[in-house]
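Put together the whole structure using the sequences plus the hints.
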Amino acid sequence: MVNKSLEKLLVDGKEIKVVATHGSIIDEKYTTEAMKIASFMINKLGLSFGNVEFKILDNEEFAEKVALYGTPLPTWEAGQEKIIQENNMKYRQGVLYEMVGHKFYDPIGKEEYTAVYINQNDTYDEIISVMAHVYGHLHIEYNNRLAKSINSNSNKHAYYRDRYREMESRLDIKTIEKMYDYSQTLSGLIDMFPDFHKSKKNDYYSKEETYPEEDIYDVYKFTLENVRFNPWEKELLEIVYDINQLMKGARIKIMHEGFATFVEDKYAEEVAKYDIGTAFKMRKGILQVADVLSPAQLPYYLGFRLFKDIEKRWDEGRHGILYDLLSEEEKRFYMKKENKGLSEILEITKSYTDWEFIFSYADLNFFKSLVKEIEEKTNMMIDNLYGGKYPEYIIDMIKAANAAKLDPNILRFQLLLETENYGPMVYVPKGSFKGDKLTLRQDLSFLKRYIGKLSDEERESFEEQASQVFSLDNKYTVASLKRLSKMWKVPVELQTMSADGDPLTIESDGFKVSKSKDGEGPKLDD
Amino acid sequence: MTSELGDAEDKYRRKIDEEDDLILTSTDIRDINDGNTVIKTIPVKINPTISYSGMGGNGDGEGDGDDGDGDGEEGGGNAGKGGNGDNSKVKVGVDKRRLKQMMENWGLSFSKPGKKDKKLYRLLTAENGVDENQEKTIEAMLDRQMATGYFEKNGFKVDVRDEDMRYNFIEEKLIPNLSATFIIMRDVSGSMDTYGEFSATIAGLIEFWLRQKYEDTVKIRYLAHTNEAFEFDPRKKEDFYKLIASGGTSFEPAYKLVMDMMDGSAYNSMSPYKERIDYESEDVFLLHITDGENADDNGSLYNTLKKLFPRLTKAFYLQVGSNSDGFYKMIKAADGEKVNEVKSGNDVSYGNVKKVLDALLN
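In order, the protein sequence lines correspond to chains A and B.
Per our numbering, numbering through the first sequence is continuous, rising by one, with the last residue being 526.
Per our numbering, numbering through the second sequence is continuous, rising by one, with the last residue being 888.
Hints were generated in silico from the structure; no laboratory data involved.
All C-beta atoms in this analysis are idealised placements derived from N, C-alpha and C, irrespective of residue type, glycine included.
Keep in mind that a hint or two might mislead.
Under the rule of at most 25 Å between Cα atoms (straight-line distance), these lysine-lysine pairs were calculated in the BS3-like manner [as the list claims (entries may be wrong)]:
#1 B/K881 / A/K174
#2 B/K566 / A/K90
#3 A/K36 / A/K273
#4 A/K234 / B/K541
#5 A/K156 / A/K103
#6 A/K148 / A/K44
#7 A/K174 / B/K571
#8 A/K475 / B/K615
#9 A/K17 / A/K29
#10 B/K541 / A/K486
#11 B/K571 / A/K90
#12 B/K864 / B/K645
#13 B/K880 / A/K174
#14 B/K615 / A/K90
#15 B/K541 / A/K90
#16 A/K178 / B/K615
#17 A/K482 / B/K541
#18 A/K234 / A/K174
#19 A/K448 / A/K405
#20 B/K571 / A/K482
#21 B/K541 / A/K178
#22 A/K486 / B/K571
#23 A/K221 / A/K430
#24 A/K475 / B/K541
#25 A/K174 / B/K541
#26 B/K571 / A/K178
#27 A/K90 / B/K617
#28 A/K437 / A/K512
#29 B/K626 / A/K174
#30 A/K248 / B/K571
#31 A/K523 / A/K448
#32 B/K571 / A/K475
#33 A/K14 / A/K148
#34 A/K17 / A/K36
#35 B/K881 / B/K622
#36 B/K622 / A/K90
#37 B/K571 / A/K512
If you want the ones that stay clear, here's a sample from chain B, every Cβ over 10 Å from chain A, calculated [what the hints assert, rightly or not]:
#38 T551
#39 S552
#40 T651
What follows is the structure, given as structure tokens:
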């Protein structure tokens, strides 16, 4: 009824529904806009996704949805998250414009929708931008292999909430909270990279009795299987385990944000054809998030730039082995109109993760231009900060010192490192568990890949840096070990290294903590 | 909209209270007593996970402290869904309601009634009695006539029957007294120099406690003493706890001054308001903060206390520092039931504050 004037939205021959709601009322203005944008995304860019409901919410509702996304159980952590989000919106710091929620099932229309939350305090241009941006996210949610495997569902979470409340009503809240806190500590030990580890299984005919039979990277699951819990404890742990599978989504963060910003930018180009004012504001918004050099904005910044770069290279045919063989001179004048940029990008979004994405597409040239850009920006910042206050040659010295720190090689390497390293990788070594002590060992074998490519001098300084960064000797680890030991009811030891790079073993029996220099230290070799 | 989070926020607040993250200074407490909301910033609570030392120590799933990203900016934070850097803080507003909740979580009760009850009279009507109420009787007669259809047939006609008779009935109800005076008596001798913040915190919280009990009709009187006593100007209450005067310390003038305030006699005052404390109709609370160093220890002080204490609802004696407890014992002997006394160090930490309040108020 609302959108008779518009064509039906067909994705792979199947009609999809797009609707914007304000409470229980359909917002006709934004529904029309959302349909228009969806039509552009599907027909011009070739995106595909399912039914969408844009829910326009006020600050408090929005904060609640954000809190529920990360921590779906009604715990103190969710309460804290809600207060943080609400304050952020109230004081306009780090405002969230949108959030893609879980899929939910509409019992009346008998269809599955994805909920997208939009803040009602956003302006018209922001909402248009946000909608365009969200379709990018939805495309990845519906098409990426990893995103599909995470499989989140709001109805499931509602059920978990009910179970949690029931536990609270039957047992003491403090008891439940304690167990919940323990489970959150365990959540750091979920295996994020099941595809990375080389499995070393026992020979089938071997009579050797070892437990575990192979290196166990999912310590959470190992705990669930080997510790005798009360039924309710076990259920709570399983619930939290299931919820925290969402963390795996961090592996496609750069692609997620990068692609969403990329399609948003594409739509801004389209809008510019008939409404230059709105397009200008949209562009400004994109630059605000994707042109800021801060760690928090890195996924937007890097992903967006990389997708733009890929589009250009594949449109102009500047890729492939033959192109690489050309000399610099030839490369500059090379031009072969292929227009394959978009299709290449859609291919990437289907199956890649961030690591693969950066590893295969961000070459040295890309990082060189990135470094140049960062240098220019930092110089501008230095000029703003010190210009006029200090003599020229001092400012030049600061600039030179900053530029020296920027090396395209190192930048690339740091980024790759970050994309496969969201937290420490810890495993239970094969054959280490005999019932009286749980042994955990840090795995740093992924560093080997990078060390091989460095010169001796660089390698030394890298190892020095790495031991400072990757050492696990801190109060959080100690507190976690205490909790783990209380849960396992046996001492727990962790083999890691000290900040100087020496092997270090931290052991806790739940109350006391001891540190010793023996032990093998972290695993460095496959 | 039904809340899916339910009481998650309350659970978080309870956790803050239990772990004493929210520390209110005496200034905050004064602001809350004045009816303002104080915004406090407290660190984000995280469940510890095994985490890298070099990455800020927040290994909480999505939150990743990025380290060394080449451009020299400090790491921390994640603008995406849910995650927070380890530097982030939570802003929590504290108002009267919240402070009451906090104090209740500490185990303090607000429900204890005051000493004196007020009599409240209400005029009601009843069908039996001695004092006839003609107005109500006519009303009842008319009601009856209307209901039975008599009025429609005959029109208005005075026809009072026995069942129409109404009588005055005076209901007498005792309600807790809703106004109180809180006398804060502070030893301002040189040796009290370091106890200002602590005294202000305790006095502020007791004031808050009384304001909650008496629904904000609490009059505060500030009284300072060395070896002579005077009433302090309440308009300058900010400076009351910074007040230091030279001279010896003696308690008798101070307690004498309270007596004078109650009797309406002339007394030494810096305050423009010279209101008599009406101890007969309202509750009177007295808080005496001192380090216990008392010069006079004679019988006349004891007699003053003996006269004064029956007029008080409750006296709180807070002895900071570690001087002799001669007076501590005397005040106990004068009226054991009326006095709550505690000896405490100068520890502003919440553990101590809670202990002191628990001893004084419960």
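Here is how each hint holds up against the structure:
no.: 1; hint: B/K881 / A/K174; result: holds (23 Å)
no.: 2; hint: B/K566 / A/K90; result: holds (15 Å)
no.: 3; hint: A/K36 / A/K273; result: holds (15 Å)
no.: 4; hint: A/K234 / B/K541; result: holds (24 Å)
no.: 5; hint: A/K156 / A/K103; result: holds (10 Å)
no.: 6; hint: A/K148 / A/K44; result: holds (24 Å)
no.: 7; hint: A/K174 / B/K571; result: holds (16 Å)
no.: 8; hint: A/K475 / B/K615; result: holds (19 Å)
no.: 9; hint: A/K17 / A/K29; result: holds (15 Å)
no.: 10; hint: B/K541 / A/K486; result: holds (21 Å)
no.: 11; hint: B/K571 / A/K90; result: holds (21 Å)
no.: 12; hint: B/K864 / B/K645; result: holds (23 Å)
no.: 13; hint: B/K880 / A/K174; result: holds (21 Å)
no.: 14; hint: B/K615 / A/K90; result: holds (14 Å)
no.: 15; hint: B/K541 / A/K90; result: holds (23 Å)
no.: 16; hint: A/K178 / B/K615; result: holds (23 Å)
no.: 17; hint: A/K482 / B/K541; result: holds (20 Å)
no.: 18; hint: A/K234 / A/K174; result: holds (17 Å)
no.: 19; hint: A/K448 / A/K405; result: holds (23 Å)
no.: 20; hint: B/K571 / A/K482; result: holds (18 Å)
no.: 21; hint: B/K541 / A/K178; result: holds (11 Å)
no.: 22; hint: A/K486 / B/K571; result: holds (21 Å)
no.: 23; hint: A/K221 / A/K430; result: holds (15 Å)
no.: 24; hint: A/K475 / B/K541; result: holds (21 Å)
no.: 25; hint: A/K174 / B/K541; result: holds (10 Å)
no.: 26; hint: B/K571 / A/K178; result: holds (14 Å)
no.: 27; hint: A/K90 / B/K617; result: holds (11 Å)
no.: 28; hint: A/K437 / A/K512; result: holds (15 Å)
no.: 29; hint: B/K626 / A/K174; result: holds (22 Å)
no.: 30; hint: A/K248 / B/K571; result: holds (23 Å)
no.: 31; hint: A/K523 / A/K448; result: holds (11 Å)
no.: 32; hint: B/K571 / A/K475; result: holds (14 Å)
no.: 33; hint: A/K14 / A/K148; result: holds (19 Å)
no.: 34; hint: A/K17 / A/K36; result: holds (12 Å)
no.: 35; hint: B/K881 / B/K622; result: holds (21 Å)
no.: 36; hint: B/K622 / A/K90; result: holds (21 Å)
no.: 37; hint: B/K571 / A/K512; result: holds (23 Å)
no.: 38; hint: T551; result: holds (21 Å)
no.: 39; hint: S552; result: holds (25 Å)
no.: 40; hint: T651; result: holds (48 Å)
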